[in-house]
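Undergrad: For the sequence shown, the numbering used here begins at 6 and goes up steadily by one.
Derived by calculation from the structure, the hints in this document are not laboratory data.
Everything numeric in this text was worked out from a predicted model, so none of it was measured.
Any given hint could be a false lead.
What the hints assert, rightly or not - Derived DSSO-like pairs (lysine-lysine); straight-line CA-CA distance at most 30 Å:
| no. | residue 1 | residue 2 |
| --- | --- | --- |
| 1 | 172 | 73 |
| 2 | 248 | 264 |
| 3 | 150 | 57 |
| 4 | 229 | 265 |
| 5 | 211 | 248 |
| 6 | 164 | 73 |
| 7 | 64 | 192 |
| 8 | 192 | 73 |
| 9 | 172 | 57 |
| 10 | 243 | 265 |
| 11 | 243 | 211 |
| 12 | 229 | 259 |
| 13 | 84 | 211 |
| 14 | 259 | 64 |
| 15 | 215 | 259 |
| 16 | 127 | 164 |
| 17 | 84 | 172 |
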Amino acid sequence: MPPSVANPFPFWFSMEDAHDWQQQDEYAHRRWVEEYAMTEATKLAIWEQVEKTDPSYTKPFNRGGGFKGTATNATYLAKRATEVFGPMGLGWGLDILDESLMEGAPLDDRGTRELIHKVRVKLWYRYQEQRGEVVQFGQTTFVGKNRHGLFTDEEAPKKSLTDGMSKCLSLLGFSADIHLGRYDDNKYVQEITAEFREKQEAEARKAAPKVDEAQLKELQQLLKETQTDAKKFHRFFKVASLKELPEADFDRAKRMLVKKKETAT
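Please construct the entire structure, taking both the sequences and the accompanying hints into account.
TA: Here it is in structure tokens:
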């Protein structure tokens, strides 16, 4: 007997069986969609945590040939990595795979040539119980020439190591807004500057000493007497409750409420 229009399943399927089967199929599909979305989100989990750069830790630079750009403070990058992965040496670290000196362009007519220190490094990290690795190169001019004449940079190995670390972290998304050229847009720089300033102010307010018990009771009484909307009052001072009000804001808060009380009488 062929399947009927009313029941598009084989004859041994009852309508109840068919309904259960459809529910299971829909559940499996929804679960697949949720797992896929979670997987897609996980792919950029690190990137989205670290892509924005605090302008306070950047500076412009110029190189030969008219090349301009924005450099990020290496210690700032290390701090950001520590925030995400944990202390260096435990949650992340840098291993030197090999290093060498490469000859570059001639510097004079006596056969002196530029020397470039090159290092290949592996940055490893632990994230959500998994270990990851990134390999990159770092390089710095060891022997070169500037407007003052020939020079030797004794800190070239350290600079190369820092360069390699920064490049490894950039592939994980650290300071991606700089590497994607967003810092070339003045509007973006203004927006990100304001964003980090607000964040720093919020952190400072959170760490600041709060009103004591006596001050808290005084403000609560004034709020009650003036019939002030507590939520709006909290929002004005950027706190979730009066208990979080910084001690430095107490006098201002009290003045506002006292003035409102006097105006009403």
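Undergrad: Would you check the hint for residue 84 and residue 172, treating anything up to 30 Å between C-alpha atoms as holding?
TA: holds, 15 Å
Undergrad: CA of residue 229 to CA of residue 265, is that 30 Å or under?
TA: holds, 12 Å
Undergrad: Does residue 259 pair with residue 64 here, judged by a C-alpha cut-off of 30 Å?
TA: violated, 43 Å
Undergrad: Are residue 127 and residue 164 close enough, with their CA atoms no more than 30 Å apart?
TA: holds, 16 Å
Undergrad: Starting from residue 84, check that the Cα of residue 211 is at most 30 Å away, please.
TA: holds, 21 Å
Undergrad: Can you confirm whether the C-alpha distance between residue 64 and residue 192 stays at or below 30 Å?
TA: holds, 17 Å
Undergrad: Does residue 164 pair with residue 73 here, judged by a C-alpha cut-off of 30 Å?
TA: Holds, at about 19 Å.
Undergrad: Within a Cα-Cα threshold of 30 Å, do residue 229 and residue 259 meet the stated pairing?
TA: holds, 13 Å
Undergrad: So if I understand the rule, the pair passes when the alpha-carbon distance is 30 Å or less; does residue 192 with residue 73 pass?
TA: holds, 18 Å
Undergrad: Taking 30 Å as the top limit, are the C-alpha atoms of residue 243 and residue 265 close enough?
TA: Distance of about 20 Å is within 30 Å: holds.
Undergrad: Assess, step by step, whether the Cα of residue 172 is no farther than 30 Å from the Cα of residue 73, and give holds or violated.
TA: Holds, because 18 Å separates the two Cα atoms, which is no more than 30 Å.
Undergrad: Between residue 243 and residue 211, does the CA-CA distance stay at or below 30 Å?
TA: With Cα atoms ~10 Å apart, residue 243 and residue 211 stay inside 30 Å; holds.
Checked against the numbered hints listed earlier, the structure breaks hints 3 and 14; every other hint is satisfied.
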